[in-house]
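Respectively, the protein sequence lines represent chains A and B.
So the first sequence is numbered by my numbering: it starts at 424 and just counts up by one.
So the second sequence is numbered by my numbering: it starts at 2 and just counts up by one.
By construction, these hints were calculated from the structure, which means they are not laboratory data.
Certain hints may be false.
Claimed, not checked - Keeping only pairs whose Cα atoms sit at most 20 Å apart, straight-line, the calculated EDC-like set for lysine to aspartate or glutamate is:
no.: 1; chain 1: A; residue 1: K695; chain 2: B; residue 2: D134
no.: 2; chain 1: B; residue 1: K158; chain 2: A; residue 2: E448
no.: 3; chain 1: A; residue 1: K592; chain 2: B; residue 2: D134
no.: 4; chain 1: A; residue 1: K428; chain 2: B; residue 2: E186
no.: 5; chain 1: B; residue 1: K158; chain 2: A; residue 2: E473
no.: 6; chain 1: B; residue 1: K383; chain 2: B; residue 2: D134
no.: 7; chain 1: B; residue 1: K382; chain 2: A; residue 2: E459
no.: 8; chain 1: B; residue 1: K406; chain 2: B; residue 2: E391
no.: 9; chain 1: A; residue 1: K428; chain 2: B; residue 2: E410
no.: 10; chain 1: A; residue 1: K589; chain 2: B; residue 2: D134
no.: 11; chain 1: A; residue 1: K589; chain 2: B; residue 2: D187
no.: 12; chain 1: A; residue 1: K428; chain 2: B; residue 2: D134
no.: 13; chain 1: B; residue 1: K406; chain 2: B; residue 2: D379
Every value quoted in this text rests on a predicted model; they were computed, and no experiment measured them.
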Amino acid sequence: MIGRKLECIDAGSEYCPCFLAEANECITCSHLQGREFCDCNWRGVCIYQEYVWAGNRKKEVRSSYPATVMEKRDISQNTVVFRLKVTKTLARQLDSPGAYVFMRDKEKPSFFDVPMSVMAVDVAKGEIQVALQVQGAKTKALAEPEKGIVVRGPYWNGILGQRYLKGVKNGNCLVIARGIGQAPAAKVVAYLIRGGNKVRVIVDPGKVGAVFIGDLIKDLPCEVEELDLNSRQGIKVVNRYLKNENHELVFSGGSDKQHLHIIKEIDKLAQKPFIVVTNNNEICCGEGICGSCSTRIDSGVRVKACKVQLDVRRVIERRILNG
Amino acid sequence: MVNIVVIGGGWAGCAAALAAKQAGAQVLLLEKTDMLLGLGNVGGIMRNNGRYTAAEEMINLGAGKLFDITDRAARHTMVEFPGHSHASLYDVTKVEPMVRRLLREMGIEIRLMARAVDVIKKGNSIKGILMADDTVIEGDVFIETTGSTGPMGNCLKYGNGCAMCILRCPSFGPRTSISQRAGVEDILGQRGDECYGAFSGSCKLNKDSLSDEIRERLDRDGVVVLKVPTEDIKMEKLSVKVCQQYAIREYAENVVLLDTGHAKLMTSFYALEDLRKIPGLENARYEDPYSGGKGNSVRYLSMAPRNNSMKVDGLENLLCGGEKSGLFVGHTEAITTGSLAGHNSVRLALGMPLLELPRNLVTGDIIAYANEQIKHKDGLKKRYTFAGAEYFERMKERKMYTIDKKEIERRVSRMDLTDIFNEKLV
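With the hints as extra help, turn the sequences into a complete structure.
Pasting the structure below:
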């Protein structure tokens with residue numbers, strides 16, 4: 424095995440090939456890494472062919488759109504949910520688990536762009552919902568937009584392990600979401616149920632201080648339970664479910680620490696479920712260019728976490744346990 | 002129990018699987034598409050020129066099952082066409098199911114739409130093959146017969162782009178070089194202009210799209226030769242071809258059609274507009290590759306360094322056959338190299354010395370000769386086939402070319418190798 428092959432979330436999309444191909448830094452195609460022969464991690468299309476047919480250039484770049492705030496709902500002291508009017512096309516493109524957009528106050532420069540998970544989509548109306556937890560300069564500015572919001576997208580790598588999410592059918596699944604990690608979990612729950620899976624949802628208000636996806640999942644056939652995942656009792660309940668329910672897939676929406684706890688519990692099980700988690704890397708441009716999300720994997724290779732479907736276990740363990 | 006895993010279900014892979022099975026192994030054959038035989042689904046030419054000698058040698062060596070099928074599926078035998086004598090043309094629409102049935106009857110497990118993407122290594126041996134669906138297939142010895150054609154990016158960079166050939170990379174994913182993934186660098190063939198790779202040498206026309214007269218002649222004689230309009234004769238196109246046995250003047254000045262179920266057009270590609278200028282081909286359309294008017298698959302971009310027992314250098318338990326094992330052209334050559342790899346896989350697993358076919362058999366000689374030639378720059382521009390070009394000349398010079406079955410039987414028996422591929426080792 425020479426050189427680990429990486430899985431780019433954008434491969435084959437209408438935004439592929441991208442800037443990275445032009446720079447001979449393509450994540451997938453060996454020709455577009457400056458090598459002479461094919462040795463790609465096939466994603467269903469030949470990226471080199473697309474590149475040559477596009478005139479040896481990248482395809483179109485994602486655009487920024489002005490978005491009208493249709494509704495702003497305060498969830499708690501530090502969290503708001505926006506219902507935004509975007510184009511129907513963008514809404515459709517964002518209608519999948521792991522989708523996210525960059526947002527900023529229209530009056531602010533582009534480096535105020537902050538990535539936000541899409542938690543609900545209304546394709547017919549061209550609307551999306553995002554939940555914003557105020558944490559720093561960018562989110563503060565965005566929470567009180569002066570003259571509307573600018574949205575850039577679509578991006579898709581908000582969840583790691585998407586192929587498992589798409590592959591598990593008619594199984595038994597556990598979804599654990601804490602704090603702002605509830606936002607991406609809403610679409611995960613709906614997606615798993617569409618795949619015929621039996622889904623148990625555990626939500627913890629976390630630092631947000633409230634459960635805000637209740638409305639989105641209340642009509643879905645799943646069991647929802649509210650727990651404090653930091654309490655001894657909460658951990659006990661989760662561990663019990665993991666032990667007794669024979670899950671095919673476990674989703675963790677929350678911090679890396681939470682992911683790691685779940686991975687460790689799963690390691691104790693005889694039948695190991697697939698692990699799907701929220702991508703907690705610091706994402707800044709979403710295009711693999713700026714480098715802020717760059718992460719080292721076990722082989723020492725640096726990867727761009729905004730685009731690469733990383734092996735959850737390896738990246739989390741490395742980051743938390745080995746600094 | 003010896004577990005042999007064959008990666009790639011073309012002629013070489015099928016031959017390897019059969020030989021390993023005949024030697025007593027448990028055999029798993031992995032194929033990325035939904036059909037066995039790979040490019041053998043669009044080939045069809047057997048027993049022409051020195052291939053007759055080779056086929057008879059293989060039959061006497063005990064590897065005759067696939068030749069029995071190609072003989073039985075022949076639409077025409079003893080066909081003469083420019084530069085070639087006593088050819089058999091098998092029906093490409095019949096042969097694949099026959100091979101599939103034979104392999105299954107022999108107890109070989111076939112996994113279709115199973116694409117290998119990487120290897121799991123332990124030291125210098127391969128522990129398992131990583132599949133596209135993330136599963137790992139373990140085995141004692143592995144045989145790589147993934148060929149050297151494509152995939153799309155290579156056909157684009159070194160050819161005219163994907164011409165939609167029978168390998169159907171866009172549908173089933175690209176070929177992976179297993180040996181290269183295991184850390185052994187590929188050897189690359191070149192063509193006259195020192196560009197890498199070479200075009201596949203023929204395409205197929207839909208027979209129903211040809212004139213009644215041509216179709217009738219094909220059905221009756223197996224071959225039709227039509228004049229190319231003077232303004233369209235392009236001698237330079239011969240240099241880009243894989244099949245140097247067909248890279249002769251007659252093939253530039255004429256269109257040679259052979260009846261293999263489809264009408265095999267003995268040229269890499271031919272612009273449809275130009276083709277339709279030829280009387281009788283006014284309505285012609287391509288059957289394989291679908292875009293045969295524009296290009297063809299590019300080959301010889303991935304060969305593994307090996308010894309004459311077909312073991313890949315630098316790896317303890319990987320053998321190779323077919324185009325993966327050298328600049329070979331043709332089904333007979335694939336079956337020859339594949340059979341030896343299959344037989345030797347069992348010997349390797351058991352710790353027995355590996356078999357080398359002697360150089361006074363053409364089958365042994367071509368394996369050794371191609372291996373010598375590949376080490377030289379000029380050798381990388383040549384192709385090795387019993388059917389023509391340099392190697393057939395060598396066969397004739399060394400008086401090895403014969404179609405006398407008794408003589409071939411005697412040669413094999415003199416080496417004490419009769420039925421060796423039928424010997425159960427496990």
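Taking the hints in turn, this is what the structure says about them:
1. A:K695 with B:D134: holds, 17 Å
2. B:K158 with A:E448: holds, 18 Å
3. A:K592 with B:D134: holds, 15 Å
4. A:K428 with B:E186: Holds, because 17 Å separates the two Cα atoms, which is no more than 20 Å.
5. B:K158 with A:E473: holds, 12 Å
6. B:K383 with B:D134: violated, 38 Å
7. B:K382 with A:E459: holds, 18 Å
8. B:K406 with B:E391: violated, 24 Å
9. A:K428 with B:E410: Cα-Cα ~50 Å, so violated.
10. A:K589 with B:D134: holds, 13 Å
11. A:K589 with B:D187: Violated, because 36 Å separates the two Cα atoms, which is more than 20 Å.
12. A:K428 with B:D134: Measuring from Cα to Cα gives roughly 14 Å; hence the hint holds.
13. B:K406 with B:D379: Not satisfied, since the Cα-Cα distance of roughly 34 Å exceeds 20 Å.
Going down the numbered hints, you'll see the structure goes against 6, 8, 9, 11 and 13, while the others check out.
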